[in-house]
Amino acid sequence: MVKQLIAGVDMGNSSTEVALAQISDDGVQFLSQHLVRTSGVKGTVDNVTGIRIALEEAANRAGIRIDQIDKVRINDAAPVIGDLAMDLISETIITESSMIGHNPDTPGGAGLGVGLTVPIDELFDWTSDQDVIVVVPGQFDYEWVASRINAAIEQGIRVNGAIVQKDDGVLVYNRLSKKIPIVDEVSQIEKVPLGKLAVVEVALPGQVIRMASNPYGLATIFQLDPDTTIRIAPIAKALVGNRSAVVIRTPQGEVAERRIEAGKLTLVGEKQKVTVSVNDGSDAIMEAYEKIGSLVNVVGETATNVGGMLNSLRQNLAQLTQQSPSEITIRDLLAVDAVVPMSVSGAMAGELTLETGVAFASMVKTSRLPIQKVADTLAQAIGVPVEVGGVEAEMAIRGALTTPGTRKPIVILDMGGGSTDAAMMAENGKITSTHLAGAGDMVTMLIDMELGLNNKALAEKIKKYPLAKVMSMFHMQLEDGTTMFSDAPLPPDTFGRVVIREGEDLVPLNIKVTMEKVREIRRTAKKRVFVTNGLRALRRVVPTGNLKHLSFVVMVGGSALDFEIPQMLTEEMSKYGIVAGFANVRGTEGPRNAVATGLVLACAEEVGER
Amino acid sequence: MVKQLIAGVDMGNSSTEVALAQISDDGVQFLSQHLVRTSGVKGTVDNVTGIRIALEEAANRAGIRIDQIDKVRINDAAPVIGDLAMDLISETIITESSMIGHNPDTPGGAGLGVGLTVPIDELFDWTSDQDVIVVVPGQFDYEWVASRINAAIEQGIRVNGAIVQKDDGVLVYNRLSKKIPIVDEVSQIEKVPLGKLAVVEVALPGQVIRMASNPYGLATIFQLDPDTTIRIAPIAKALVGNRSAVVIRTPQGEVAERRIEAGKLTLVGEKQKVTVSVNDGSDAIMEAYEKIGSLVNVVGETATNVGGMLNSLRQNLAQLTQQSPSEITIRDLLAVDAVVPMSVSGAMAGELTLETGVAFASMVKTSRLPIQKVADTLAQAIGVPVEVGGVEAEMAIRGALTTPGTRKPIVILDMGGGSTDAAMMAENGKITSTHLAGAGDMVTMLIDMELGLNNKALAEKIKKYPLAKVMSMFHMQLEDGTTMFSDAPLPPDTFGRVVIREGEDLVPLNIKVTMEKVREIRRTAKKRVFVTNGLRALRRVVPTGNLKHLSFVVMVGGSALDFEIPQMLTEEMSKYGIVAGFANVRGTEGPRNAVATGLVLACAEEVGER
Amino acid sequence: MNNEIYLPIICSPAVSLADIQDLCAGLEEEGVPYQCEQMAQEQQASEFGAIAALKSPLFIGIGVDRHLNCSLSHQNLPGNKEYITGSRHGLRQFGRNCGRLAKGLPLVMGGIENA
Amino acid sequence: MNNEIYLPIICSPAVSLADIQDLCAGLEEEGVPYQCEQMAQEQQASEFGAIAALKSPLFIGIGVDRHLNCSLSHQNLPGNKEYITGSRHGLRQFGRNCGRLAKGLPLVMGGIENA
Ligand SMILES: Nc1ncnc2c1ncn2[C@@H]1O[C@H](COP(=O)(O)OP(=O)(O)O)[C@@H](O)[C@H]1O
Ligand SMILES: Nc1ncnc2c1ncn2[C@@H]1O[C@H](COP(=O)(O)OP(=O)(O)O)[C@@H](O)[C@H]1O
Ligand SMILES: [Mg+2]
Ligand SMILES: [Mg+2]
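Taken in order, these protein sequences are the chains called A, B, C and D.
Position one of the first sequence corresponds to residue 1 (full-length UniProt numbering), numbered consecutively onward.
Position one of the second sequence corresponds to residue 1 (full-length UniProt numbering), numbered consecutively onward.
Position one of the third sequence corresponds to residue 1 (full-length UniProt numbering), numbered consecutively onward.
Position one of the fourth sequence corresponds to residue 1 (full-length UniProt numbering), numbered consecutively onward.
Read the hints as simulated data drawn from the structure, not as lab findings.
For each residue, glycine too, the CB sits at the ideal point set by N, CA and C.
Hints are not guaranteed to be accurate.
[To be verified] Restraint-style ranges between C-beta atoms, simulated for each label pair:
| # | chain 1 | residue 1 | chain 2 | residue 2 | range |
| --- | --- | --- | --- | --- | --- |
| 1 | A | Gln323 | B | Thr250 | 53 to 63 Å |
| 2 | C | Arg66 | A | Gly481 | 31 to 41 Å |
| 3 | A | Phe485 | B | Arg539 | 52 to 62 Å |
| 4 | B | Glu606 | A | Gln188 | 30 to 40 Å |
| 5 | B | Leu352 | A | Ala426 | 39 to 49 Å |
| 6 | D | Gln41 | C | Gln41 | 10 to 20 Å |
| 7 | C | His89 | B | Leu194 | 27 to 37 Å |
| 8 | C | Cys36 | B | Ala151 | 26 to 36 Å |
| 9 | B | Gln319 | A | Thr250 | 39 to 49 Å |
| 10 | B | Met86 | C | Arg66 | 28 to 38 Å |
| 11 | C | Gln38 | A | Thr514 | 52 to 62 Å |
| 12 | A | Ser147 | C | Gln41 | 48 to 58 Å |
| 13 | A | Glu502 | B | Thr250 | 49 to 59 Å |
[Said to hold, decoys possible] When the alpha-carbon atoms are kept at most 30 Å apart in a straight line, the in silico BS3-like pairs for lysine-lysine are as follows:
| # | chain 1 | residue 1 | chain 2 | residue 2 |
| --- | --- | --- | --- | --- |
| 14 | A | Lys178 | D | Lys55 |
| 15 | D | Lys103 | A | Lys179 |
| 16 | B | Lys517 | D | Lys103 |
| 17 | C | Lys103 | D | Lys55 |
| 18 | B | Lys527 | B | Lys575 |
| 19 | D | Lys103 | C | Lys81 |
| 20 | B | Lys291 | A | Lys575 |
[Claimed, not checked] Listing some non-contacts, in silico: residues in chain A with all C-beta distances to chain B over 12 Å:
| # | residue |
| --- | --- |
| 21 | Ser15 |
| 22 | Pro119 |
| 23 | Trp144 |
| 24 | Leu239 |
| 25 | Gln272 |
| 26 | Thr302 |
| 27 | Ser326 |
| 28 | Ala426 |
| 29 | Glu516 |
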């Protein structure tokens, strides 16, 4: 009777997984499994450190020593590597300080005031038949400011509004005898042009301004002719949705939304090329891609943003895979539109606007990975025979088929960090596979950019855990509206904020965004990457290209652990009558360990055949 | 020197507006204006009552008597009438009670339990080596239920979960010695099949279930073969996003999302016809429409939903306009997708699902309206000469051009209740106009349906006023996140609810929807109707069809008073370099009174020419 | 413990725990802890409620009179003003609504009399 | 008035209104009403804060000691535990944050010491 201890090892870009089993005449009995972060770039000898730790832990759990293992089999990892980049295609620029449209938390009063901009210390130098908007730099005290405005009004100077540098809007307002709207927290007040006609508008709490955000409102206020109205219109547009605003009329003052020349992409197919401008957005790019069918390479226009982007990508990947940059060809591309908060150039109060951009994931085929070298090094390190065996896609399917309720024909979606890999096993056992750019890391990048975090680790947490909003010292509201009490006071740095519920820990987000907005960004990012890629993958691997001929789709990989991605695909694919869900490898492991399990099963079969 | 008192009267579908002015050698001096609800159907003598009241009030405000007016001019109202309808295209049906996926507020415990469904009073009749899910009808007291379950567990009966009719989940849970997940508030518990294998899953607060919403999770639990997994997959899909669920395995049990045969529409153009299935959704319908160019009529497939819908529409309009139904031809159509909460047929706990549907606005040209008759009756009633004069579109443009910052070429969008009317005046004064189906009333209908209110008046309020959420007895959160305190306690019926802030009044919404969701539905409805129609209108009236050749778009009408619709158009149209905003008629009236003002101005011109 | 979260219920001397069992069940189902206390003197439900509110870590409190009329008060409500009231016929729902008030959830309607 | 909303500030006998003007300005800018009261006996800021919280219709209160150390407490916090603290060098921001606590808004960071 043969009785062997066999370990399967799956090296991925992010994770290394191990399955340990005993093979005997009674069949295969799995003893343990383990997962560690992949050490180094996939397919290099750096991986050995990680594999060894994983094997040791698995052996440990099975109650054996690593040198008791009879054979280790590692997967012939697919020679693909992904990378990410982002390109802005719009930019908002203010020239000549013609507006401030920011939203201080506590402006003063409400209403509309029009007049010439006058510094508070020159208020009495003005003739009394002028309408005035008073400009208050930070060095002045609110008591003094208020009394001075009151005195000026007493003298008949028509003060109709105020622009204040410090957060003093309400304080000044409360001390005025005649009530005027006040916009405060204008940090760069020295940029406010003086002696110019200006309007200050503040809306009631919970409402938005109506006059300054309407071009004809501005035309009425400033008595503009039609030509000037055309020039000032982008200001009105930029103010849509604000609670408060200041607009100052200067001869050259302008707000422009500039399209950045992001450059053109040339998608090189097997038979044809298509060139598309990045400015046209992701839909246009993906449509062009669809037209040319399979991709041979992507080239960016030189001396443009996208050109530079693709160059640095090639450089990166060349370094990683130790090839020359010219050998690197992009074999798949996923473009996704993103809306990114950016600070307005030329602004006076740190205003942000939402600019549009395109995010790219790209996928490069490298020359064959030196897996044999990894195997040899590993064998030496642990003193156990190591063999390279089994195409990754085939092993993944084998492992996934241990999920209850599945059978051939089947498609697996391996949703990892850098790529989404798909493989189909037909009725007759024939396997087709494909590798797509864009997976978990792209979701993380999109969340990071769209929330303006500049913090990958935080974005990764937002991706993985549910949100809440801390409503008081002792309770918070969860994503679904449920209230949750706390006996101990919630930490001050979480108070009033959106927090990530990482188990018992609360990680606060220091951004001015509602919980619902964060949730929406998180979910849209997941949809844009994984629903898109799920469908792209199916169209590639299903022989007829017609999704209705398919019954089973099984998701594996790290991103199949996500608390909502698999459900999004379940919903989407049900439209085509496809049963889709995350795997439950061996009925117990969930979406993890498919390839490692497949390796063991393949090995067992061979042993059995002998 | 001529000195005349002239009144312009604009009869709309919803509102009747009046402008009163004195014409002299010095020009036109507007004295007053007024607006009333239109009495009766536009263009019928029923209107006279309303017009008279409006004239009286305007005269009153100007300090004159109505019989001092020298001349009344009423507009030659456009002979168009709109109507609305809605058609569902999907429906969820449960057969044989195979699932309950509802979300009680207070389920008990958390986790997953599997077993045969057994009534609580037969619990001890079961052999002890069975896994059991206990079914608890409403007549049993929670104390008794808990003690019985405890006793059963003591005896070795494996009770793994409970399905409870009353809202007793937490009460029972708190009294159990072994903790199990409990789904409660299952109102129709008598429909739960007994002696069948069932799973009860409850997620932690703020989280969603993962096993019952994954087809392979259900396959693992019920040990299903692939074919059965295919049949049970729609159940998993239907449970996506729930916090708790019960799935019971019965031989015929099934949840199906049925496509209702909504029928086909035939769009008849001048040269060609296109037939499109309502099931294909609004985009397909509007694309088909675009292909055929201008519409001569729309016909619905007989004996289908949409056929019936178009028939009753014709009936309605025939009655309104006193024509025969066969004379009624649909000259414009706006289709919009809508997601509507509906109760699941065959459900056990009053579950709702979101079904898809298509909403239609349609526009009918009637024969010329009997305006002269209205004029004659009015003249008799008030003893002042009344003349019919001026095409509505021309008058509207004239009035709108009194907005500061505007000039020819200009487009006005008259955004009313039943229709969106557009007119362009070219450089040379030539006017092109068009009437489009879909305006304010369609927005109200969409809000009503998508929130499942069945209350038009409430939906109209949601459209017009901002929202808040009452967070405690003494404070609420406004749409923009601002907190607002109240000295007096907020009424109990608003507590914890989303409310409409109609001035000082708070109108509570008795639905389980977040403030953000209501806001999103409101804003999307506005966008789908008015942004779509704005662009459709421009393409029709701009001679080249190229929007970039246009500079000024001015919005008038009731829906231009909306607190966000004009800003949406300002934003959208700025993409084409168009200056768009709501009118400020005469620099003071905002988007109201354009036609009435235009009528007075036209009249004054004629007087001057004489 | 000083920082424990609970909702105080203050009852008439004529009321037994069994009488208000349904009220307590409503609170328990909503997951809101409570503590009952009996007064020596007869008073009105609203007066009991106001006393309960004053000592409540949740700022609201329940009063129950001898007829099982119930009253919920808040510390910030002047005098003995009640926010919601209940009677012997709707104890479970009144308790449930008190729990929902503590949690910031909308009340379940039908049978609630606004004070 | 019994139902007025305000935030109590309880100060050391050594502190004058002028000393805490900045603190008050922070509260006023946030639109939160306050009332100041001076104690006869010297105590710690956290003790003053706990007293202020107990009488506060907003359930939070501010204490200020003779050195202008400030403390914000909540009725539900055990003993004299503080939620946030401030010093003479950040009175305006401390006041602002107290106002934001009353309104449920996130605190402005920089210079806040968590207690
Ligand atoms: N619990 C989780 N929820 C969501 N995403 C996860 C979770 N765990 C891992 N991931 C994501 O899975 C990706 C890595 O998947 P993995 O299968 O380990 O990668 P690879 O196949 O490239 O080795 C990362 O993007 C990571 O963020
Ligand atoms: N303040 C407002 N905000 C939003 N919509 C409004 C407002 N006032 C009126 N409306 C909408 O305007 C529409 C009626 O517009 P109106 O110009 O009076 O119609 P018509 O031109 O058909 O007479 C209705 O749909 C109504 O809901
Ligand atoms: Mg301020
Ligand atoms: Mg319950």
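Hints, verified against the model:
| no. | hint | verdict |
| --- | --- | --- |
| 1 | A:Gln323 <-> B:Thr250: 53 to 63 Å | holds (59 Å) |
| 2 | C:Arg66 <-> A:Gly481: 31 to 41 Å | holds (39 Å) |
| 3 | A:Phe485 <-> B:Arg539: 52 to 62 Å | holds (56 Å) |
| 4 | B:Glu606 <-> A:Gln188: 30 to 40 Å | violated (56 Å) |
| 5 | B:Leu352 <-> A:Ala426: 39 to 49 Å | holds (41 Å) |
| 6 | D:Gln41 <-> C:Gln41: 10 to 20 Å | violated (35 Å) |
| 7 | C:His89 <-> B:Leu194: 27 to 37 Å | holds (34 Å) |
| 8 | C:Cys36 <-> B:Ala151: 26 to 36 Å | holds (28 Å) |
| 9 | B:Gln319 <-> A:Thr250: 39 to 49 Å | violated (60 Å) |
| 10 | B:Met86 <-> C:Arg66: 28 to 38 Å | violated (55 Å) |
| 11 | C:Gln38 <-> A:Thr514: 52 to 62 Å | violated (46 Å) |
| 12 | A:Ser147 <-> C:Gln41: 48 to 58 Å | holds (57 Å) |
| 13 | A:Glu502 <-> B:Thr250: 49 to 59 Å | violated (40 Å) |
| 14 | A:Lys178 <-> D:Lys55 | violated (35 Å) |
| 15 | D:Lys103 <-> A:Lys179 | holds (24 Å) |
| 16 | B:Lys517 <-> D:Lys103 | holds (23 Å) |
| 17 | C:Lys103 <-> D:Lys55 | holds (23 Å) |
| 18 | B:Lys527 <-> B:Lys575 | holds (15 Å) |
| 19 | D:Lys103 <-> C:Lys81 | holds (24 Å) |
| 20 | B:Lys291 <-> A:Lys575 | holds (27 Å) |
| 21 | Ser15 | holds (20 Å) |
| 22 | Pro119 | holds (29 Å) |
| 23 | Trp144 | holds (29 Å) |
| 24 | Leu239 | violated (9 Å) |
| 25 | Gln272 | holds (27 Å) |
| 26 | Thr302 | holds (29 Å) |
| 27 | Ser326 | holds (40 Å) |
| 28 | Ala426 | holds (15 Å) |
| 29 | Glu516 | violated (4 Å) |
In summary, the structure is inconsistent with hints 4, 6, 9, 10, 11, 13, 14, 24 and 29 from the numbered list given earlier, while agreeing with the others.
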